[in-house]
Structure formats: C-alpha cells, structure tokens
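Use the sequences and the hints to build the structure in full.
Letter 206 of the sequence shown, counting from 1, is numbered 206 in full-length UniProt numbering, and no numbers are missing.
If you're looking for bench data, these hints aren't it; they were derived computationally from the structure.
Each residue gets a CB set at the ideal place from its N, CA and C atoms; glycine is no exception.
One or more of the hints may lead you astray.
[As the list claims (entries may be wrong)] Across the chosen pairs, the derived CB separations fall in these ranges: (1) D197 x M1: 17 to 23 Å; (2) A40 x A7: 31 to 37 Å; (3) R27 x R229: 44 to 50 Å.
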Amino acid sequence: MLDDLYAGSLADASARQALRPLDVVERAARDRAPALDARAALQPADRVKIIAEVKRASPSRGALSEIADPASLALSYETGGASAISVLTEGRKFKGTLADLEAVRDVVSVPVLRKDFIATPYQVFEARAAGADLVLLIVAGLPQAELVSLHELVLELGMTALIETHSADEVVRGLDAGATVLGVNARDLTTFELDQDLFGSLADSIPSGVVRVAESAVKSPADVAHYRRSGADVVLVGEALVVHGDPVDALNTFLEV
1 MLDDLYAGSL
11 ADASARQALR
21 PLDVVERAAR
31 DRAPALDARA
41 ALQPADRVKI
51 IAEVKRASPS
61 RGALSEIADP
71 ASLALSYETG
81 GASAISVLTE
91 GRKFKGTLAD
101 LEAVRDVVSV
111 PVLRKDFIAT
121 PYQVFEARAA
131 GADLVLLIVA
141 GLPQAELVSL
151 HELVLELGMT
161 ALIETHSADE
171 VVRGLDAGAT
181 VLGVNARDLT
191 TFELDQDLFG
201 SLADSIPSGV
211 VRVAESAVKS
221 PADVAHYRRS
231 GADVVLVGEA
241 LVVHGDPVDA
251 LNTFLEV
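Here's what the structure looks like:
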C-alpha cells in the first residue's frame, strides 16, 4: 500500500512538473514570506496540543467528508484551539489538492502542514510555494540519504519537518536525520493495521527536546488522553473531526484532556 501511495503521488507530481517546471516552483518557494515557526507552535505545554486535519478520504475508510470549503473548516479549527492545521494534498486516495493547502494558508494564522507522500525536492518546493510551514517526511518511504537530504531542504526553506515513524528503528533513523518534531503513527502504512499502544512503547526513546506527536487511532477524548498519558505533546486528529457533526465541538472535547 505504501509503495502504491508513493508511486501515485510521484506520478502526479511529475505531471505537475511538466506544466510548472522546477525552476519556476523553486523561485515561487523562495519568494514566499517566511514560514511560521511550527516547532515553537507545537512545543510541550500544560495541555495537549492538537494538529487538526482537513481530510476528505482515506485508503482504509474511503470517503469521509466532502469538505467543499477547506478554508472555512480550517478557520473553524483555528478558532477552536488547534495549534496547527494538516492538509492532505494527495489526490488519488485522500482526494486532496495543493489548492486546498493554499486556501487554508490564506485564512489561518497557525502553521499549516502539507501531508503527502513526499520523496523529491520538487514536492518540497511545491509545499513552500503553496504556503506550507510543515512538511511530512515518512521514514518508511525514504532511504536514509533521501530522508536526510529532503530534511535539509525543508530546513533551508525555513520550514519544519514532521518526521513520521512506526518502529524503534525508524525512530532512530528519524533522530539521526535531525528530527525536532517526530511523529509515531499508530497505523502501519504497509498493512493499514492500527496499534494505539505503539506510541507509548516508543515515547521514552524520543529525547525530551524533540516534540512528540501521536498520529492515528483517535476516535474519542479517551484516545487523546491515552496518548497524553503515554507522553504525547501533540496529537494529530483527522477522521474523528471531519466525520463529526460539529468538528469544533469535537476538537474542544479533545483539547480538554
């Protein structure tokens, strides 16, 4: 599944690059106003912080929500207390676009994460050109040299990388690559199976100076509380918000943890 997601994302990026060459996108990225300091926004606090996600669909659940106006949803998240907004930009399985990210960036004042299957410099430049402050880099999908190289480019452009892991070995690789914001995804992207206890088993191996993000397997405030007790500074929540009748009400219940 992960290989297919990367293949599709890279094919779509190649098609965009044919229409908008690398030098054009790089120039646009470097001409953007400076990125927001996402690491500062996600620093540990007395209460858990939430990255709230704009997510229309997923490979495991199919269609989740139409989200005709991603900017309006993101603004509601910000008003409701989210510390950052995650925007899915992968189009084949998650039904997202870079236009969604641009629309969100135009209306919110908190950091915005481009969540996609990123494996090339072109995609990193695209992220900054569209206004992203954070870029997702998935350890399982990248050889170490590419992970390090892409992370260095993210930093060069003034952004922050959310480096995502799913095992002890991947945590080591992420830290070796210089992660300052490190996520543990409860979902195995090769099988899509969930293990909500995975974060707790890996949290102690993440140094205190690194922001610890728990991802996936969140359906209720009890799930957020579970991650918080296990050492999470931040919890990324997507499906539980977009399928709720009132996403802001759901967000508020998560932030009460």
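### Message
Against the range 17 to 23 Å, how does the distance between the Cβ atoms of D197 and M1 compare: consistent or not?
### Response
About 22 Å separates the Cβ atoms of D197 and M1, which means 17 to 23 Å holds.
### Cβ separation of A40 and A7, checked against the hinted range 31 to 37 Å
Since the Cβ atoms of A40 and A7 sit about 35 Å apart, the hinted range of 31 to 37 Å holds.
#### Entry: C-beta pair R27, R229: status relative to the range 44 to 50 Å that was hinted
Holds, since R27 and R229 (Cβ atoms, about 47 Å apart) stay within the stated range.
Consistency note: the structure conflicts with none of the earlier hints.
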